[in-house]
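Visitor: Listed below are the residues making up each chain.
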Amino acid sequence: MSCSTATALLVASGLAIAPELAHACAVCGAGTGEDTSRVAYLITSAVLSVLPVSLLGGFLLWVRARSRRQARLNAQPAHAAPATPTSL
Amino acid sequence: MPSRHSPTLRVVTNPRPTPVVSNAVLGVLIFLFTEAMLFAGLISAHTIARASSPLGWPPPGQPRLPFRETALNTAALLVSGVAVFLAQRVFRRDRRRALTPLALGLGLGAFFVIFQGVEWVALIREGLTLTSSTHGAFFYLIVGVHALHAIAALIALAWVTQRLRHGVLPPSAFAAAALFWYFVVGVWPIIYLRVYT
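Chains A and B, in that order, are what the protein sequence lines are. Numbering of the first sequence is given in the numbering used here, commencing with residue 1 and proceeding in unit increments. Numbering of the second sequence is given in the numbering used here, commencing with residue 1 and proceeding in unit increments.
In isolation and in its complexed conformation, chain B is listed as follows (with noise of 0.2 Å):
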C-alpha cells in the first residue's frame, strides 16, 4: 500500500471518443438529404410536364436555352469541385496549402454564379419569363433554387477560407461547407442535362 506522501499514476481514460461523424458534418447530410428530395420533386415535375406537353418542348414562341454556353459554366462548376476536393485533402497534410486551391474553387463558384446572372437577364430580354410559359416558370424554378444553394454554399466556402487564412479552422467546419458545395455541384449536371436539352 502506498504512504501518504508516496507518487501515484493516475491512468486517464478518454471519456468521450471520437465520434464517428461530425456534429457539423451530420447536420448538412441531414439537410443535403432533405434537399436532394426537393430536387428531384422539381425534376420529377418538370420531366412530366415535359412529356405531357402537346405542342413540344420548348413551347413554340419560347426562347431556346443557352446549351452551348452553359456548357463552358458547367466546366467550371465541376473544376471547383475538384478544386475543394483538392484543398480538402491537402488540408489534413499541410494546411497552409490549401488555401490556394479553395480559392480558386471559390473564385471558379463564384465565376458559375455571375455567369448564371448573366444568362438570365439575356434570357428575360429574350421574352422567357417566370409567366410566359410553363417552360420557364420550371427553368427560372429549378435553376433559380440552385443559384440560392449555390450563392449559400459560397458564402460557407468563403467563411472557411477566412477562418483557415486566420489558421483557426476546424476539419469538421471544413468537411461540413466542402459536403455542402459538393452537393451544389453534384446535381447541376442533372439539372443541366435535364432542363437545358
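Extracted from the complex, chain A is given alone in its bound form (with noise of 0.2 Å):
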C-alpha cells in the first residue's frame, strides 16, 4: 500500500468516525433542538459567566467600602482631639 493510500485511507475514516465522536459530548446537543432546551442553555451559560465577576465585582465595592469606613473612624479621633502641644 503506498503512501498516499494509506493518507487517503486514514482521511476517509477520520472523517467517517469524526461525526460520532462529536455525539459523545455531553453538551454538544443542547441548545440545537427544542426552544426549552435553547432557552435553557442560554440562561445557564448567561448565569455562569456573569456569576464570577458579580462575585468578584460585589468583594472589591465591598472591600473598598469598609475601608473608606475604616478611613473615617481613625481620622475622627485626631479631629476630635483637642489640640494640646505634644512637643517636648
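Treat the hints as calculated values from the structure; they're not laboratory data. C-beta: ideal position from N, C-alpha, C; glycine also. One or more of the hints may lead you astray.
Examples of chain B residues toward chain A, derived with CB under 7 Å [said to hold, decoys possible]: (1) V20; (2) I30; (3) F33; (4) A40; (5) S44; (6) T47; (7) A51; (8) S52.
So these bits of chain B aren't anywhere near chain A, every CB distance computed over 12 Å [as the list claims (entries may be wrong)]: (9) I48; (10) P60; (11) G61; (12) E69; (13) L99; (14) T100; (15) E126; (16) S133; (17) V168; (18) P170.
Put the two chains together into one complex; each comes in its own frame, and the hints tell you how they fit.
Guide: Rendered as C-alpha cells:
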C-alpha cells in the first residue's frame, strides 16, 4: 500500500468516525433542538458567565466601602482631640 | 537638649494597622467563591438536563420529591440563618448573650440535616436512587453536596459555640463561621426551587 493510499484511507476513516465522536460531548446537543432546551442553555451560559464577575465585583465594592469607613473612623479621633501641644 | 536622667516620652505608632478584612474572613470568602461556582455549575447542568428531557420531569415511574414537607425544613434553615445573624449582632455588644441565638441557629441547622437524612431514606425506599434515573442522580448529587457543606458549617458553628462558652472566641473566627453558614442558608432556596419543583 502506497503512502498516498494510506493517507487517503486515514483521512476517510477520520471523516467517517468524527461525527460519531462529536456525539460523545454531553452538551453538544444542547441548544440545538427544542426551544426550552435552547433557552435553558442560553440562560445557564449567561448565569455562569456573569456570576464570577459579579462575585468579584461585589467583593471589591465591599472592601472599598469597608476601607473608606475604617479610614473615616480612624480620622475622627484625630479631629476630635483637643489641640494640645505634644512637642517636648 | 534633655539631660542624661530626664524622663523621655516615646510616641509609638501602630506599626500594623487593622486590616480591612481579616485573614479568616478573606480565606472563607475565597473558598465560598469557588463553592458558588460549583453550585452554579451543578444547577446549570440540572436545568439543561431537565429542559432537554423528552419524557418530562421527573421522568415517568420516578417518585416526586416532597416539596411541601421540605418547605418546613427550608423555613427551619432560614430561621437558623436569622438566628446566627442576630447572634453576630449581639456578640458586638455583649458576648455572653450571643450564646442563646447561636445555639438556636445550631439546633435548627442540625434539624435541617437530620430531616434531610430522613427524607433521603424515604426516597430510597420509594425507588429513587443515584442510578434509577438522571432525576435521582441530580437530586442526590446536588442535595448531597449541599448537605456536606451544611455539616461542615455546623461543625464550624459548634466550634464557635464552644469557644464562645469558654470566652475565648475571636470576632474574626465568628465572622468566618457565620459567613459559611450564610452561604449554606443562601444557596438552599435556589436548590429547593430548582430541584424540588
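Visitor: Next, verify each hint and record whether it holds.
Guide: Do the hints match the structure? See the list:
1. V20: Holds: closest Cβ of chain A sits about 5 Å from B/V20, inside 7 Å.
2. I30: With a minimum Cβ separation of about 9 Å from chain A (threshold 7 Å), the hint on B/I30 is violated.
3. F33: holds, 5 Å
4. A40: holds, 5 Å
5. S44: holds, 4 Å
6. T47: holds, 5 Å
7. A51: With a closest approach of 4 Å, the B/A51 hint holds.
8. S52: holds, 5 Å
9. I48: Incorrect as stated: the minimum Cβ-Cβ distance to chain A is 5 Å, not above 12 Å.
10. P60: Answer for B/P60: holds, closest chain A Cβ roughly 18 Å.
11. G61: holds, 22 Å
12. E69: For B/E69, whose nearest Cβ neighbour in chain A is about 27 Å away, the distance exceeds 12 Å, so it holds.
13. L99: Non-interface label stands for B/L99: nearest chain A Cβ at 27 Å, farther than 12 Å.
14. T100: holds, 28 Å
15. E126: About 27 Å separates B/E126 from the closest Cβ of chain A, which puts it past 12 Å; holds.
16. S133: Holds: least Cβ distance 16 Å, greater than 12 Å.
17. V168: holds, 25 Å
18. P170: It holds; B/P170 is separated from chain A by about 18 Å at its closest Cβ, greater than 12 Å.
Hint compliance for this structure: hints 2, 9 are broken, all remaining hints hold.
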